[in-house]
Amino acid sequence: NHKVKVMTAGAPPPPSVIQQMEAINFDVTHVYGLTETYGPCVVSAWKDKWNNEDAGERARLKSRQGVRVPMQEGLMVADADTLEPVARDGETLGEIFIRGNVVMKGYLKNPTTTDESFAGGWFHTGDLAVWHEDGYVEIKDRSKDIIISGGENISSIEVEEALFRHPSIEDAAVVAKPDEKWGEVPCAFIKLVQGTELDEGEIISYCRQNMAHFKAPKKVIFTELPRTSTGKVQKFKLRQWAKEGKKGEAAE
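FYI, the numbering for the sequence shown is 1 to 252, going by my numbering.
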């Protein structure tokens with residue numbers, strides 16, 4: 001019956017993974033930050049009133065990035081051009097902006113990038129998110145990871161969360177693949193649970209059952225995902241693999 005308290009950071013955690021961890025007595029707290037903010041400066045602070053929610057809803061709430069820590073002066077989700085805060089409706093997409101004493105002064109010997117990153121007096125994180133009515137921030141994607149397909153924005157995180165809910169999928173990441181007709185289409189990189197079988201068609205069909213059809217992957221590649229020493233998926237490598245078809249083979 002011993003409960004272990006853990007913190008997770010580095011990438012938005014899929015709610016399904018949090019739910020599985022909670023089921024084996026891990027009490028998960030998600031924190032968010034960047035090197036430029038001296039690490040975590042936003043926390044998904046838990047509220048006692050959520051204890052009565054079902055396991056799936058508790059995991060969804062815990063997977064949000066959260067609210068600013070006390071020493072952080074400011075946190076907002078706003079229009080990247082005007083810096084006008086977005087509506088707190090959980091739907092309107094904007095960029096996360098941060099300011100306060102834990103934010104860096106600038107990039108060493110790089111005044112141009114420093115000025116761009118602090119335009120308007122706020123640090124521009126490059127993370128795209130929505131703002132919920134309760135003030136909690138939820139990341140939808142990195143600006144560079146958004147997939148623009150036929151003029152529609154597709155969140156790679158949304159597709160990944162759906163994939164992680166499949167019991168036969170151990171690891172997953174989604175990136176943009178160049179496409180002559182649509183500009184870009186989602187490409188999924190998948191590692192299956194050992195001893196299970198799943199082909200490309202089954203994965204695409206599963207995704208189409210759980211999201212708008214245009215968001216479902218158009219290509220599936222089965223491979224081990226490349227990660228950094230801190231466990232982050234190296235999406236720049238996956239984008240290159242998707243473009244060149246050099247790693248892994250799509251199941252037919």
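Worth flagging that the hints you see were computed from the coordinates, not collected in a lab. Heads up, some of the hints might be wrong.
As the list claims (entries may be wrong) - Pairs of lysine to aspartate or glutamate residues, derived as EDC-like cross-links and limited to a Cα-Cα distance of at most 20 Å, are as follows:
| no. | residue 1 | residue 2 |
| --- | --- | --- |
| 1 | 218 | 133 |
| 2 | 3 | 36 |
| 3 | 237 | 179 |
| 4 | 181 | 224 |
| 5 | 105 | 170 |
| 6 | 243 | 179 |
| 7 | 243 | 224 |
| 8 | 219 | 197 |
| 9 | 109 | 133 |
| 10 | 191 | 171 |
| 11 | 140 | 197 |
| 12 | 47 | 197 |
| 13 | 191 | 170 |
| 14 | 219 | 158 |
| 15 | 49 | 133 |
As the list claims (entries may be wrong) - Simulated DEER-style distance windows between Cβ atoms:
| no. | residue 1 | residue 2 | range |
| --- | --- | --- | --- |
| 16 | 4 | 229 | 40 to 50 Å |
| 17 | 143 | 245 | 21 to 31 Å |
| 18 | 210 | 245 | 41 to 51 Å |
| 19 | 210 | 89 | 17 to 27 Å |
| 20 | 245 | 27 | 36 to 46 Å |
| 21 | 126 | 230 | 11 to 21 Å |
| 22 | 135 | 109 | 20 to 30 Å |
| 23 | 234 | 194 | 17 to 27 Å |
| 24 | 135 | 196 | 32 to 42 Å |
| 25 | 227 | 194 | 45 to 55 Å |
| 26 | 82 | 196 | 26 to 36 Å |
| 27 | 158 | 135 | 20 to 30 Å |
| 28 | 7 | 183 | 17 to 27 Å |
We put the beta carbon where it would ideally sit given N, CA and C, even for glycine.
Going down the list of hints, with the structure as the test:
A hinted pair counts as satisfied when its Cα atoms are at most 20 Å apart, and residue 218 with residue 133 does not qualify at roughly 34 Å. This hinted pair does not check out: residue 3 and residue 36 have alpha carbons roughly 33 Å apart, beyond 20 Å. For the given pair, residue 237 sits about 18 Å from residue 179 by alpha-carbon distance, which is consistent with the 20 Å threshold. As the CA atoms of residue 181 and residue 224 are separated by approximately 29 Å, the hinted pair breaks the 20 Å bound.
Straight-line distance between C-alpha atoms of residue 105 and residue 170 comes to about 40 Å, which puts the hinted pair past the 20 Å bound. A C-alpha spacing of about 9 Å is found between residue 243 and residue 179, which places the hinted pair at or below 20 Å, so the restraint holds. The straight-line distance between the Cα atoms of residue 243 and residue 224 is roughly 17 Å, inside the 20 Å bound, and the hint therefore holds. Of the supplied pair hints, the one linking residue 219 and residue 197 holds, its CA atoms being roughly 17 Å apart against a limit of 20 Å.
This hinted pair does not check out: residue 109 and residue 133 have alpha carbons roughly 40 Å apart, beyond 20 Å. Proposed proximity of residue 191 and residue 171 is supported: the alpha carbons are some 5 Å apart, at most 20 Å. Of the pairs offered as hints, the one joining residue 140 and residue 197 is violated, with about 30 Å between alpha carbons and a cut-off of 20 Å exceeded. For the hint linking residue 47 to residue 197, the alpha-carbon distance of about 40 Å lies beyond 20 Å, and the restraint is violated.
Restraint check for residue 191 and residue 170: satisfied, since their Cα atoms lie roughly 6 Å apart, inside the 20 Å limit. About 16 Å separates the Cα atoms of residue 219 and residue 158, which keeps this hinted pair within 20 Å; it holds. Annotation: proposed proximity of residue 49 to residue 133 holds, straight-line Cα distance about 16 Å (limit 20 Å). For the pair residue 4 and residue 229, the supplied restraint of 40 to 50 Å is violated, since their beta-carbon distance comes to about 24 Å.
About 26 Å separates the C-beta atoms of residue 143 and residue 245, a value consistent with the hinted range of 21 to 31 Å. As the Cβ distance of residue 210 to residue 245 is approximately 27 Å, the hint placing it in 41 to 51 Å is violated. Here the CB-CB span from residue 210 to residue 89 is close to 23 Å, well matched to the stated 17 to 27 Å. A beta carbon spacing of about 43 Å between residue 245 and residue 27 agrees with the range 36 to 46 Å that was offered as a hint.
Our hint of 11 to 21 Å for residue 126 and residue 230 holds, since their Cβ atoms are close to 18 Å apart. The supplied range of 20 to 30 Å is broken by residue 135 and residue 109, whose beta-carbon atoms lie about 37 Å from each other. The hint said 17 to 27 Å for the Cβ distance between residue 234 and residue 194, and at roughly 23 Å that hint holds. About 40 Å separates the C-beta atoms of residue 135 and residue 196, a value consistent with the hinted range of 32 to 42 Å.
Between residue 227 and residue 194 the beta carbons are some 18 Å apart, a value that contradicts the proposed interval 45 to 55 Å. One distance hint, 26 to 36 Å for the beta-carbon pair residue 82 and residue 196, is violated here, with the actual separation near 48 Å. In this structure the hint that residue 158 and residue 135 lie 20 to 30 Å apart at CB holds, the actual value being about 22 Å. Here the CB-CB span from residue 7 to residue 183 is close to 38 Å, at odds with the stated 17 to 27 Å.
Of the hints listed earlier, those the structure fails to meet are numbers 1, 2, 4, 5, 9, 11, 12, 16, 18, 22, 25, 26, 28, in rising order.
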